[in-house]
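We have chain A already, so just place chain B on it with the hints.
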Amino acid sequence: MQARIGLPQGLLYYQYGAVWERFFRELGSEVIVSGETTRETLDAGSVLDEICLPAKVYYGHTAKLYHQVDYLFVPRVISVQKGQYTCPKIIGMPDMLRTNIKALPPIIDIDVNLRQSSRNLYQSVTTVGKMVGKNAITSMAAWYKAWTQRDQPSTCLTNAGQQPSVALIGHPYLIYDRQMSMSVMNKLQQMGLTVLTPEMVDSRTANQAASILGKKIFWSSSHHLAGAALALMTGRNPVKGIIFMTCFACGPDALIGELIAQRASSLNIPCMHLSIDEHTAEAGFITRLEAFTDMLTRRWRQ
Amino acid sequence: MIVAFPHMGHLHIVLKELFNGFGCQVMTPPPVSKRTLELGAKYSPETVCLPFKMTLGNFIEVLEQGADTLVTCGGVGPCRLGYYSEVQKGILEQLGYQFNMVTVEPDLFDVIGKLRQMTVGKNWREIYCSFQQAGAKMGALDVIEQQLNIIRPRELMPGSADRIGVQAVQAIDHARSVNEVKAIERSVLGELKRLQQKPEFKPLKIGLVGEIYVMLEPFINQELERRMGQMGVEVHKTMYLTDYVRTHLLRKREYLDHYKVLSALAKPYLGHYVGGHGLKSIARTIQMGQQAYDGVIQAYPFTCMPEVIAKNILPQVSEDLDIPVLTLAYDEQSGEAGIMTRLEAFVDLLKYRRQRKAAAQ
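The listed protein sequences correspond, in order, to chains A and B.
Numbering of the first sequence is given in this note's numbering, commencing with residue 1 and proceeding in unit increments.
Numbering of the second sequence is given in this note's numbering, commencing with residue 1 and proceeding in unit increments.
Hints listed in this document are in silico derivations from the structure and should not be mistaken for laboratory results.
Mixed in with the good hints, there may be bad ones.
To be verified - Cβ-Cβ distance ranges computed for the label pairs, FRET-style: (1) B:Cys129 - A:Arg150: 39 to 49 Å; (2) A:Gly28 - B:Arg354: 49 to 59 Å; (3) A:Asp277 - B:Pro315: 18 to 28 Å; (4) A:Pro270 - B:Tyr97: 52 to 62 Å; (5) A:Gln190 - B:Asp348: 55 to 65 Å; (6) B:Arg356 - A:Pro105: 36 to 46 Å.
Unchecked claim - Straight-line distance between alpha carbons at most 27 Å, and here's what the computed DSS-like set of lysine-lysine pairs gives: (7) B:Lys267 - A:Lys82; (8) A:Lys102 - B:Lys267; (9) A:Lys216 - B:Lys267.
As the list claims (entries may be wrong) - Away from chain B, derived, C-beta distances all over 10 Å, residues of chain A: (10) Gln190; (11) Phe218; (12) Leu259.
No experiment lies behind these values; they were computed from the predicted model shown.
Glycine included, every Cβ here is placed at the ideal spot set by N, Cα and C.
Chain B with its partners taken away, still in its complex shape:
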């Protein structure tokens, strides 16, 4: 059994750790590339959302290389993600691949049943340990990424923070114990703090809301965060892998309470959950408006149902809270130049607004 899974940001490092711990042989799909995108788009329904096409591309590439078990997630709607696996399975079968697809549904009994299939001969203690290690890696990666977003606009030598970041990701990937991961995290954060920073510089503060896959996968969002950082913007991403896991899988108390707060905030604009992260995009925009952010960017895959609803409501939020919102819908044809132009224009607008506000005071 050779286990494989789709890419999404740093997810592969976490899942590799997890399945290795289960005693499975793991094959990480080749890094997401133009070819992945082309393969996925070629065999997908035309108007399906980008994550479907990308993960299908991942599956094809990894099946070509000999994987035979695909692990992916399920769901109960109304977002399309929940029905991906069934359709993707049909497409891959029609292409002639032989494989076993394991769809993990968000249901405790299902998870336990699937776990038992994957972890033959392992006891619960060992399984628990591999969860802990994978969790530690996930946490460290997210903390470092957050810190990178803060340092990038302020660094004196462009690119130095990113260099540290790349090394950190590699080191964490190779780490073998929870303690080692923690040590790496500490040293990397220290290194980042010691970087020379521009004196007296107050970067623009932009919030990033939207759909999780596009937010987390730099190949798809065209390295949105890094680019914004280079333009001198401090980006606050509202969704990290850790948040997702803690809210949706572990259902931690504090995160559920936070969700209630967000839902109440969004209520005047959107009265009900519409799947995915549509409601959160609105609620977080309201929050950021109240916290005097300079602007908000909403990023999502073209035709994403929840985000399209949010998109049609956000202009009102933007007007009421006086916070500019830029919407970026990505598909397989999104060009680099187009995105850059829009980002530059948006940043210019925010700078101008800031100056005008400063002058008025």
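With the rest of the complex left out, here is chain A:
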């Protein structure tokens, strides 16, 4: 019988979800993804206390999914790059799920820790394979296939100057989640802005831009965010404004947001800090976006 494997659609799913899905399909498992975030997901997540919204949403997705599957795939992603970490909340996620939801199906919570050496990944891959009854070679082949066929993010930095451009800086699990971000991308585009996100900056450019920081940022995704923001501000075609979107109580962002704001102010680029949580009302949110867009358009015309 095929093993049904559940993937909560939250946090790192937005970066690696497609690869994981394909990997499990290659191994002959059935994959069930929890789907888009809804109001119910948000409500279910409020079981977790004092934690950031994306973590609550992840919890909500798991709560929705766990009845339907044989295994939950919640890898403990400790590090995806040498010398860096992911966020502590991602590291502690499998444990928070286990202690707060009773009667969970078995969690595939293998460690992915590339902090010291990237070879660790192969070990993790084969371990997962073993859990669903495949040998090492099959798992490696499946992983290779999944990894090489992943979608490469489109890197487009050339924006013809018909519209003012704005950089929307935020974690992928926030700005691409339509419920949480209240479709901020669409809204900005409708208001007549060209929106650039950190995914449109390739990691080499981001790394280069981040090298002007006095100290390397040790959270991988924040490192990319900061690097991309700096690259978009200082590139050949600098953006006209920055919107830094974050969740209330996001740990790394509290510092990274400040860092980006400091650079933006020294470059005379307007920077708006949008902080959201589960109580954020859409009306106030739109008003702020509109005000910022108006200001940018006016500055741009002058």
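Just chain B, lined up with the frame of chain A:
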């Protein structure tokens, strides 16, 4: 060069000794006050953790008074502490201060390099001596504090132990040699032992776990230990400066082995290090549950990442080991009355539990 550093409990006494020994001119920041907190909170990002705001406040106050070299610590994550200095430096520069920031990273080569900058014209023997003296002061201060926590609930005349404690801290601050520090330690411990104690009194035993800054800085935790002592509770703090230095900086064998034990204890609840002291908070709670403590208090700054994870796991630990856990998250708005009410309620609960257990036997 006038060297300054942030406050954290008794840390300033230790660092003053150390840098004086290096031959630097030292300026201790003004004692942590409401103003420090306000200054720090005003210029910090809103949701950053309290130690960031407090240390920024310390820096502003000490720069106002003319310090020009700030010494602070670095780190490699994933706790935010490791990135404090970079952001704080930017904020202070935007405020227009001229200074040099020395960030000591947890890496031997870095420490040696930074030491060489600070100790121009001193030989290694002199440097070693100042480390020894600072270490002696640190040890004595911690031993006395531990003893205070034990005596406080038992003393017959409330406040007498604290009076001795305050004098002891001053005396140690002024001591000039390792031997003098040791003599002070001995006499203070003797004095504390001679205090009149309540006869036949068995205080409640509460463990204190959580984040180091909030645990060590009485201004921030609203004198948690003293208050608990006055309520008749014996507090066992799981983190002292000495423990931190021996575990994280000197990497002493026994402490590393102890860490392995803690990590194994926490494993069923938290399978990996999450930065800061999150894992230890869980492991120590388990330990205290096994050792039949009456309760555990977890104290940490609001939005502290490692402790928030621990907080979300601790209810399960509390249930499994049958030990009540009270969580206190501090921020710049934490009011005295609110904290007191919660502490009183918690102590009442523990007393009731103890009576019920005694009645059942």
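How the hints compare with the structure:
1. B:Cys129 - A:Arg150: 39 to 49 Å: At 59 Å between Cβs, range violated.
2. A:Gly28 - B:Arg354: 49 to 59 Å: holds, 58 Å
3. A:Asp277 - B:Pro315: 18 to 28 Å: holds, 22 Å
4. A:Pro270 - B:Tyr97: 52 to 62 Å: violated, 26 Å
5. A:Gln190 - B:Asp348: 55 to 65 Å: Check passed, 57 Å falls within 55 to 65 Å.
6. B:Arg356 - A:Pro105: 36 to 46 Å: Holds, at about 38 Å.
7. B:Lys267 - A:Lys82: Within the cut-off at roughly 25 Å; holds.
8. A:Lys102 - B:Lys267: Cα-Cα ~18 Å, so holds.
9. A:Lys216 - B:Lys267: Roughly 31 Å between the alpha carbons, so the hint for lysine 216 of chain A and lysine 267 of chain B is violated.
10. Gln190: Given that every Cβ of chain B is farther than 10 Å from that of glutamine 190 of chain A, nearest at about 29 Å, it holds.
11. Phe218: violated, 3 Å
12. Leu259: violated, 6 Å
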